[in-house]
Structure formats: C-alpha cells, structure tokens
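Protein sequences appear in the order of chains B and F. Just so you know, the first sequence maps onto residues 710 to 1047 in the working numbering. Just so you know, the second sequence maps onto residues 3 to 547 in the working numbering.
It is possible that some hints are incorrect.
Below are the DSS-like pairs computed for lysine-lysine, each with C-alpha atoms no more than 30 Å apart in a straight line [to be verified]:
{"hint": "1", "chain 1": "F", "residue 1": "K352", "chain 2": "B", "residue 2": "K784"}
{"hint": "2", "chain 1": "F", "residue 1": "K502", "chain 2": "F", "residue 2": "K26"}
{"hint": "3", "chain 1": "F", "residue 1": "K502", "chain 2": "B", "residue 2": "K784"}
{"hint": "4", "chain 1": "F", "residue 1": "K24", "chain 2": "F", "residue 2": "K121"}
{"hint": "5", "chain 1": "F", "residue 1": "K432", "chain 2": "B", "residue 2": "K784"}
I should point out that these hints are in silico values taken from the structure, not numbers from a laboratory. Keep in mind that this is a model prediction, so the values were computed, not measured.
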Amino acid sequence: MKQIPAPLWTLTVGVVVTVISFWVGYNHGFLPEQASAQAPLVDDFFNIMMVIGTALFLVVEGAIVYCMIQFRRRKGDDSDGLPIEGNLPLEAFWTAIPAVIVIGLGIYSVQVFQEMGGFSPGGLEHDHGMMIAQAHTGAMGGVSEDTPDTPEARQQLAKAVYGFGASIDNEGRSADLEVNVSGMQYAWIFTYPDTGIVDGELHVPVDADVQLNISAQDVIHSFWVPQFRLKQDAIPGKDTELRFVATKPGTYPVVCAELCGGYHGAMRTQVIVHTPEDFQAWVDQRVAQAPMSVDAIAQNPADLSDSDYLAPYETALGVDARLVAQLSQASADDIINP
Amino acid sequence: MAQANLTDRGAGNFSVHHHPEKWKWYDYFTFNVDHKVIGIQYLVTSFAFYLIGGLMALAMRAELATPNSDLLDPNLYNAFLTNHGTIMIFLWIVPGAIGGFGNYLVPLMIGARDMAFPKLNALAFWVTIPAGALLLGSFFFGGAQAGWTSYPPLSLITANTAQSMWILAIVFAGTSSILGAVNFIITIWKMRVPSMDWDQLPLFCWAILATSILALFSTPVLAAGLVLLLFDINFGTSFFKPDAGGDVVMYQHLFWFYSHPAVYLMILPIFGIMSEVIPVHARKPIFGYKAIAYSSLTICLVGLFVWVHHMFTSGTPPWMRMFFTVSTLIVAVPTGVKIFSWVATLWGGKIRYTSAMLFAIGLLVMFVLGGLSGVTLGTAPVDIHVHDTYYVVAHFHYVLFGGSVFGIYAGFYHWFPKITGHYLNEGLGKLHFVLTFIGTNLTFLPMHQLGLQGMPRRVAMYDPQFQTINQICTFGAFLLGVSVLPFLINAIWSWSRGAKAGGNPWDAKTLEWTTDSPPAIENWEVLPVVTQGPYAYGEEHLTVE
Chain B
710 MKQIPAPLWT
720 LTVGVVVTVI
730 SFWVGYNHGF
740 LPEQASAQAP
750 LVDDFFNIMM
760 VIGTALFLVV
770 EGAIVYCMIQ
780 FRRRKGDDSD
790 GLPIEGNLPL
800 EAFWTAIPAV
810 IVIGLGIYSV
820 QVFQEMGGFS
830 PGGLEHDHGM
840 MIAQAHTGAM
850 GGVSEDTPDT
860 PEARQQLAKA
870 VYGFGASIDN
880 EGRSADLEVN
890 VSGMQYAWIF
900 TYPDTGIVDG
910 ELHVPVDADV
920 QLNISAQDVI
930 HSFWVPQFRL
940 KQDAIPGKDT
950 ELRFVATKPG
960 TYPVVCAELC
970 GGYHGAMRTQ
980 VIVHTPEDFQ
990 AWVDQRVAQA
1000 PMSVDAIAQN
1010 PADLSDSDYL
1020 APYETALGVD
1030 ARLVAQLSQA
1040 SADDIINP
Chain F
3 MAQANLTDRG
13 AGNFSVHHHP
23 EKWKWYDYFT
33 FNVDHKVIGI
43 QYLVTSFAFY
53 LIGGLMALAM
63 RAELATPNSD
73 LLDPNLYNAF
83 LTNHGTIMIF
93 LWIVPGAIGG
103 FGNYLVPLMI
113 GARDMAFPKL
123 NALAFWVTIP
133 AGALLLGSFF
143 FGGAQAGWTS
153 YPPLSLITAN
163 TAQSMWILAI
173 VFAGTSSILG
183 AVNFIITIWK
193 MRVPSMDWDQ
203 LPLFCWAILA
213 TSILALFSTP
223 VLAAGLVLLL
233 FDINFGTSFF
243 KPDAGGDVVM
253 YQHLFWFYSH
263 PAVYLMILPI
273 FGIMSEVIPV
283 HARKPIFGYK
293 AIAYSSLTIC
303 LVGLFVWVHH
313 MFTSGTPPWM
323 RMFFTVSTLI
333 VAVPTGVKIF
343 SWVATLWGGK
353 IRYTSAMLFA
363 IGLLVMFVLG
373 GLSGVTLGTA
383 PVDIHVHDTY
393 YVVAHFHYVL
403 FGGSVFGIYA
413 GFYHWFPKIT
423 GHYLNEGLGK
433 LHFVLTFIGT
443 NLTFLPMHQL
453 GLQGMPRRVA
463 MYDPQFQTIN
473 QICTFGAFLL
483 GVSVLPFLIN
493 AIWSWSRGAK
503 AGGNPWDAKT
513 LEWTTDSPPA
523 IENWEVLPVV
533 TQGPYAYGEE
543 HLTVE
C-alpha cells in the first residue's frame, strides 16, 4: 500500500517548503514600485497567493519528481504496479484543502476589493460590503448637483458608473481633485474641470484623493498605471471612474491596456505625481500661461474642428494633431458608412 | 485477458454497408462517413492549421525582439495576433482534441461500430474547411485585426470585409462544434456496447461527454453575439454601436459566455487523454475514477458561471466582480482533484518513459503552474492590475500550450500505433519532448514577470526596459518552432515505415486496443464484451495475494 514517510521526514519537508514559500512570496520582486494607496493592498494579497502558490507548487512538483524517480520501471520488470483504485480519506482531504484555501482567498479578495474602493464607484455607498446602493443623506462624491436628490435617482446614477470609487477612508467625501480622462486612438486627454486645464499628461498632487472620470471617444481603451495597480476600461457610451490616492511623487507610465488599433502599443503617456506645492505651481503656470487656452475653453469645443481643438496640445500629446483628427474622422466615417 | 470476443451482440443492429475492405488514400479527401477517417481528417487538418498559427506567432515574436515596431506593419501584426488566437482555438485545439481524438476514439472505446450520426459527423468536419478558408482568405482584405475577442467598436471600424469573413469563419467552426457535440452525447449515451456500465466507461469518454454538453449550451450564445456583430458591420443595425444607443459591454457578455467555457472545451478532452495515457504507461489503475469523472462534470457546470472574470476592468458592477471572483476560484477545486489523482496514479506505479508518458508528465508539471496563476487571475483585486497584460498571456499559454498541446502530443504518441499500425520513433519523440519542454518554459515563463511589471498584451511596440526578457521569449519561441521538425519527420516517416505495432502495443485495457491496428472499417469482426474496468492494471497482485 501507500508508503507513509516518517513523521520527522514530513516535518522537515514541511518546514523547508514553508520557509521557501514565505521567502519567495515576499521577495519575488516581480511587482513594480508601489505609488498609490491601493498598491500595498493588492500586493499584500498577491504576495499571500504567492506564498500559498509556491507551497502548493513545491509539494505537487516534488511529488511528481519523487514518483518519476522512485516509481520508474526497472530494467526487465514488465509487471504492473499495485492495483490502488482510490483512497476516500485522501481524496476528501485534497478536495477539502483547496476548497478551504479558495474560499479563504475569496473572502479576502472581497475585503481587499472593498478597501480599494471597488464597492463605491459613482458615489455608490457600500453597505456591509454588499451590492445594494444605500441612500444616505451625506454628501456623495461624483454626483453632479443638478441631479434630483432622491435615493432612487442616486441609485439610478450609481448603477451607471463602473470602476473604483472612494476607498474606505474617503467614503462619503467628494474627491479632492477631479480630472476628466478621455481616451482616443491613440492618446489620452486630461481635462481639469475646476481650472480648465487640458493636457496630454496627468498631473496630480501626492496624497490627494483624485477621481478620474473616464470616457472613450472612439473604441474601448483601458487606463492603466502599473505602479498604482489600477486599471479601468474607457468604454464608449459608458461612464467609468477610477479614484486613487497617489502616495509617492514621481513620474509613472499611463498605459493603454485594451487593444485599440494598429498603434495600441504606442498609446502611452505618463502621470506626474507632484508635491502639493509643485502641483499648485503647475496649475498656476498653466492657467497664467495661455489666455489662448482660456479662449479655447470658452468656445464650445463642438464648434471647433478636431485639429483646431487639439492644436494647442500637440507638443504635450506627442502626436500630430492633424493626424489624430484624421484618424478619429476616419473612424467616425467608418461607423457611419461601414 | 481483459476482454473476450464472445458474441456479436450488436451486429443485428447494423444494416449491411457496402464499403471496400480498406480505404484508399483518396478516400481521406472525400465526404467519408467512417468515424476513423473523419478522426484522421480532423487530426491532419488541425495540425496543418497549428503550423500556420505557429508561423504567425513566430512572426510576432520576431517583431517583439525589439521594442520598436520595425518588422511588420502594425495592422498586419494585429491581423497575426487575431488569427493566431483564432486558428489555435477554433482550428487546432478544438477540432484536434475533440474532433480528431474524439471521433477516432469514442466509438472504439465504447465498442461501437461508428458514431450515432455518421453523415452529420462528416458534415461537422467539412464545415471546418470553409472556416479555415475564410480566415486565410481574409488576409487578402487585410485580415481581421480586432483580436480573437473582436470587441466592438474596434471590430466595427477595422477591416470590415476581413472582420465579416472572420465572423463567418467562427460561425462555421461553431456549427461544426454543435453538430459534433450532439453526435458525441447521443453516441456515448446510446451506443455503448451492452456489456459496458457507466462506471466502465473510459474517462476520455466522460471528458468528451462533459465537453459536448458544455459546447451545446455555450456555442449558440457566441453565434448569436457574432451574428449581431455581423449585422452591425454590414446591415446598418446598431446593437453594439454606442453612438446609436448600442451597448458594447453586452457583446462582451455574449462573447465570454461562450469563450470562457471554450477554455474548458480545450482542456477537458485533454484531461481525458491524460486519464488514458497515464494509467497505461504507469501500469496502474487510474486513482479515483469516480472523482475524475465527476470533476469533469463539475468543471462543465461551474465553467458556465465564471465568464465575467474576463471583464473585471470593463463595465461591470461591483457585485458582479465579486460573484465571479468566487465562482472562478471554485473551479480550482475539481481541477486540483484531477491533478492530485494523476499524481497519485504515478505513485506506486512502474513508470515507462515512453514519449507519450513524457508529454503527459510534462503537461502535469506545467499545468500546475498554469492553474496557480489562474487562481491569482481569478481574484478581482489582482486581476485589475494584470488584466490584459503578458501575465495573462503567460497563464493561458501554460494552460493551452503546456496543457492542451502537450496533451495532444501525448495522445499522438499513444494512439499513433493504433491509427497507423506503426510506432512513432522513440528517439525522435524524446528529442521532440525535450525541445518542446525547454522551448515552452523559455517562451512563457518570463512572460509572467513582463505582465506583472507593466507590459500590456497585444502590442507591437513596448517599453525598452522589457527588451531582454522579450528576447528570451523570442528565443524560446523559435526553439518551439524548431521542436516541431523532429515530430513532423517522425510522423511522416513512421506513418508507413515505423516499427510495426500489433493490436495492443502498450498492453492497455480499454476497448480500442482489442482490435487490429489500424482497425478494420467497422472496428471489430465480432464486438468485444466488457468483463472488467478500463484500468484494471496490476490484477496479478490480487490473484497472488
């Protein structure tokens, strides 16, 4: 029957596997630096799965290699192995253990998701981590003022926005800074509604609760900052949002993660996380810089051609404004006359 | 003896067919209704598409050797990535594993003379031909470029003709899948030799049964989604046009409702192959027959309720992201049961390191990693970070290349003597295994790191910091390309000149080994009678004790 290893042997293997698994789980170095309040939450979760995963990997692969060596056919032996057809306690054991592990991971992931703000996009208040939008008299982030202030209307509105809302600490408060993000082939345009600044790069102050209202002009894009561990698709016809707190000043890539056409790989820009003073300086400079940009804001953008609209931001976007306009025109034509 | 040819119980049910003693070579190019001919047609055709899809992958890896887009036109690159995925799924693994091995083996394993509906069976094969022709032909119109997922609005505005051809191709392939599924379910349900109980049904047949049920439920939904997309492109409807009130996320639901189960369509038959190959070459009964059979059905059922994990960053509400996190994680349990059962089958065996067994163990080794990365991907918080990155590419290639392709190779080496009457050369087979195993890990292992660190998938240009790792992947991919050569040479040469194999070269216990190699046109002169289970190895120990 089954060979049962000596308890001492099992203990040694167990200790070694545990030590290696914990070491790998917390030293794998696969994840980029953490630059948002959400990043440590995601990383802690990932690392725990790395610990469990490494342990399971070592045990299963170890068992396979052991079998391959121990139970290889010896020369001249044409007989069969032992007719073991099953072992109910053993099978129950290896059904129950993974079941317990995945249920544990499931519960943990709900908690992490909640702490990240996953339950409150569009100002949706989470209620004991459940999905029901709860009417509440407090101020709600992301709800515009002209909305009728009834629970039904809020619920209606909350339903229509997807993504990540306020993290638990900031719940019920509106964001410190709102930025409208628009994805188009193959650029991101960031508009600051409070100041009228329009830019091809995202500038945010460190430690501020920032809300991105994400939309797409042509096809689906996906806004991803690897150092923030956050990603949200920009979907034509749907409102999505991403709310985050950047925790480390610096410059990080903004990557489009959803296939959006031939130059998808080139649809990149950056997010610059400033100290609060630097950010204010940047805002002041941008507002003071060009009265022209104020004009452009004063005009109805719909009256402008795409290339006129984009011309001031040509350098910032790093793309040729006319080319972008043509591309989006071509896309629009295709939609109308396929 | 495992089975004795006692009486011809089923013979009376079969009207006399007028067929030749043996099929000529040209019969393999006709609308032939013999399940074995159709099985070979599927296997050879799908392997040809595997080579075509593989060349597309090599072109992409060559492009990715440098960060800039300097080899392929970016639109051609996207056409390659779209068609690489489409061909590998719809024209290689699904028709190869289900159509090829399923057709060839299921009737032989259950003691039937053919499938329940032979003409439907032939039809199912022949509709895959226009599917392939449409995909290849679409390159004259630029090729579909919206990825194998073909999300609108991108798919609505890019290469319309090619995209329409792509849709029709998938509808043809899906039709084939549905026809095949009906046929398998009825065949396994009704045509088992009367002496075979359900618990004597080989696990490969259980796997094909589960696969067929899954295909039957999910494929029509994909077809519906794609037909709506076709209408949007060509007939002015606006189901998925956001500016005309359409909903692009609805497409994603329709698409993934099929396409996640499609993953199980591609791995369940492979699990079936594993459960046949491992006991034979380990010389032991399969460990936990019932657990393996039921876990196939569990995966089939749970697999229908996990599709939104592909959409965690899309327009999905929080409750959906959480519900589908949990349902996805549950799939790990029945999958784990299978893995553990196979390892336990090795335990105490007398393992013969044939090429078939090497590929099966290789699968086991790599699938563990693919399964573990799958658990991390199934949880929404981590998926938010790694969705649509190379981490996903790494994961599904470990499952579909390290898993499905290795399984198909294990099946080739195991059943080639049955199909042709000749062994494959073992030396070349081992060379093939070593090259493929190293190539697979070299290509796909580093991709985990790429994705975690920030490289999105489906890009022709990337951040220069990722160049070194990408070059390792490219080197591995070319090694994989080379690894096919020993197999091709081996298969072509051995088909007619390999060492002669008898009816039961591996001394196996399932019914397909009770007839000649290759089997006669109606499989048996006299139908076999089942007297023991399909994995009754080691009986001599019982008689001795």
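So, going through the hints one by one against the coordinates:
The suggested pairing of K352/F with K784/B holds, with an alpha-carbon distance near 10 Å, which does not exceed 30 Å. A distance of roughly 20 Å separates the Cα atoms of K502/F and K26/F; the hinted pair therefore holds under the 30 Å criterion. Our distance criterion of 30 Å between C-alpha atoms is met by K502/F and K784/B, whose separation comes to about 23 Å. Among the hinted pairs, K24/F with K121/F is consistent with the structure: their alpha-carbon atoms are about 19 Å apart, no more than 30 Å.
Pair hint K432/F plus K784/B holds up; C-alpha atoms about 19 Å apart against a cutoff of 30 Å.
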